[in-house]
Structures are given as structure tokens and as C-alpha cells.
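With mature numbering (1 follows the signal peptide of the UniProt record, and there is no 0) applied, the sequence shown covers -21 to -1, 1 to 316.
It is possible that part of the hints are untrue.
Unchecked claim - Below are the SDA-like pairs computed for lysine to any residue, each with C-alpha atoms no more than 25 angstroms apart in a straight line:
1) K203 to Q161
2) K229 to S266
3) K229 to R268
What the hints assert, rightly or not - Derived CB-CB ranges, DEER-like:
4) Q142 to S94: 36 to 44 angstroms
5) Q142 to G15: 22 to 30 angstroms
6) R190 to G15: 19 to 27 angstroms
7) D217 to S67: 34 to 42 angstroms
8) P201 to L89: 52 to 60 angstroms
9) G218 to I62: 50 to 58 angstroms
Derived by calculation from the structure, the hints in this document are not laboratory data.
Computed from a predicted structure; not experimentally measured.
A virtual CB, placed ideally from N, CA and C, is assigned to each residue, including glycine.
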Amino acid sequence: MDMNPLLLLMLLMLWSSGLQAEVKHNSTEFVRLVGGASRCAGTLELKHQGEWRPAFIGGFHMKAAAAVCEHLNCGFVVSLRIIEMSYSTSMWLLRDECHPSDYHLPRCVLSWDDSSVRELTCSDSVRLLNGTSLCSGRLEVNYNQSNQSKQSWTSMCEDHFDQQDAEVVCRELGCGPPSALQGALYGDVGAPVWSKEFQCEGHESTLLDCRSSNSTRSSCSPGKAVGLTCSEPIRLVDGASRCAGTLEVKIGEWRPVHTFRMTLKEAASICQHLDCGPRVSLKQKPSERPLWAPRLYCEITYFSAMGCLKHTIIISSSWAFPPVLVLTCSDEWWPAP
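I would like the entire structure built from these sequences, with the hints used as guidance.
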């Protein structure tokens, strides 16, 4: 039976520290997220030779981040960022050329000084299912927070969920403000529903931070399960129409997007997210503005092009005039041949 590569990595690091006896009891103590709002958010750290340090992992992409979230019983990835600090710090470097089965070897795990850290945020409390992107779908809430190994997800009734509740959920998932709130928008279910009615004020960080009151409902009427669409922080600007121009993404602020490598298929996916047609032209132009840059190893097949642009970024650029993307999508949607 194949083993999850990340789990294998941690078990081998555990073995190299001479603590094999603890593998069955608490293997998750050798990977953690620190400095965030919860145990499911923060800087990624690994423990090697008895010492915790930030992890510098070559090729650390969304699939690896998802494995970390899952292994920590923290649900799914909300965001993955590479943060450039103003100073260098000691890290554990895992060499790109080493196979996970070799990570216990001295040549594969090195002490390293660098100024970039991996900041990961996972969510184990809310999720959106069956949507067209990471920011849309049928809302489900995990009501079994006390038992990390046995999570239980339930839907919510439209009657018990309002605009302020939606604002909190969208913010928790790293999306923009809610743009649509409608029952059964992304399918309906007959499963049990959340037994409390949330009373959010709109400023809370997570849905479970909101006040709540008990409800006597145990199921939703047909068509009443909450479907939520949060706005996507992506746009095309300075073009002839809303479907043409420089590609920009908002992560706190709007910046153009730089990449050396984007296919027409990936560009068409972005056009679809913007409700534009699939026929697209793609070019680059120089820019002196600060920018967002997706990692070249971001796997489009694992997360949508939107997800890659939104979640895997470099905060700063060392190029004097890096090129940015200019897309021209067809204004109307036509079925692809």
C-alpha cells in the first residue's frame, strides 16, 4: 500500500531523531503551523534533530499544502503564501533532488539560512461544495470541532443564515464579499443540518466566532440548503471591455500578475471565472508596479487557475521590469469546439 509522501517524510525524520517509539502516538508533533490565529494557520515548521525551524521545501505547492492540512486534521487549504522577510533566519532545507525515502540522510536535510517562509492557512470549520471555484458552493459546517479525528459536516438552512453570516464565511475562506446567497444554488441535500442559528455581526474572523442560538430544526425543506457565492478577487483592467486587459489579483491590494508560463487553456479558465467567453489571446507587457507571481510548479489540474493565482504567491520581485499578463477574452460565452 502506498504511503502519503508527506507522512513518510515525517516518519523518516522521526526515525532520524532516534524517537521511533513515539511514531504511533504523536507523529504530528514533527510538523506544525505557528504564529497564526489557530493551530491550523501560521508558518510551516518541521522538527529535525530535536529542533523546530521554519521549513524551506523546494517544490512546496498546493498539493503538498493540502497534505499538511489533512495530516494536521485541519481540513483543506485556504491560503498558501511565501512571505519575504527583511532578515534571514535558520531553517531546515530539504533538497529538491532527494526522494522522500532519503530524507533521513544527512545530505538531504540541511541547516539553511533564508529570508522566505511558507505561511499556510487551513480551515476545518466551514467549506463550500459543488461550486465552480474555491469561493462558491453549498455551505457546510463542521460541528465536531472537539474530535479532530472524526469530523462531521452538516449543511445550513437558508432561513438561519443572513448576509452578515455570509460575509464572515467569505472572509474565513479568503474570498471577496458575498455576491449571491440562495438556497439550493449548488445542489440540495437531505442530510442533517446545523442545529444552531448564527448571529454574526460581520466583523468576526470565523463563523464559529459568531454568537449562536439553538434551533429546533433537524433538516431543511427542499431547496433551502444555503448556497453561497463569494466574489473572486480577480479582474482585467485597462482593456476595451471588462473581458480584456491586464490581469490583476487582490490580496489586500490589487496588483498585476507576473508569470513566465501560462497556457491558453489556463487563460481560458480565468476567462470562465470572469463570466467571459473561452476564446482568448494572451500576451505580456513590462510593468514597474509591485506584482503577484504564481509559483511555476502550481498544479492547474489540482486547483483551478484562479486557485493558483490567488493562493500561491511571491510577495516581492527582484526584476526591474517584470512582464505582466494581458488577456483578451471573448465577450460572450460560446461552447468550446
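Each hint, compared with the structure:
no., hint, verdict
1, K203 to Q161, "8 angstroms, holds"
2, K229 to S266, "17 angstroms, holds"
3, K229 to R268, "14 angstroms, holds"
4, Q142 to S94: 36 to 44 angstroms, "41 angstroms, holds"
5, Q142 to G15: 22 to 30 angstroms, "27 angstroms, holds"
6, R190 to G15: 19 to 27 angstroms, "23 angstroms, holds"
7, D217 to S67: 34 to 42 angstroms, "38 angstroms, holds"
8, P201 to L89: 52 to 60 angstroms, "59 angstroms, holds"
9, G218 to I62: 50 to 58 angstroms, "31 angstroms, violated"
Consistency with the previously given hints fails for number 9 only.
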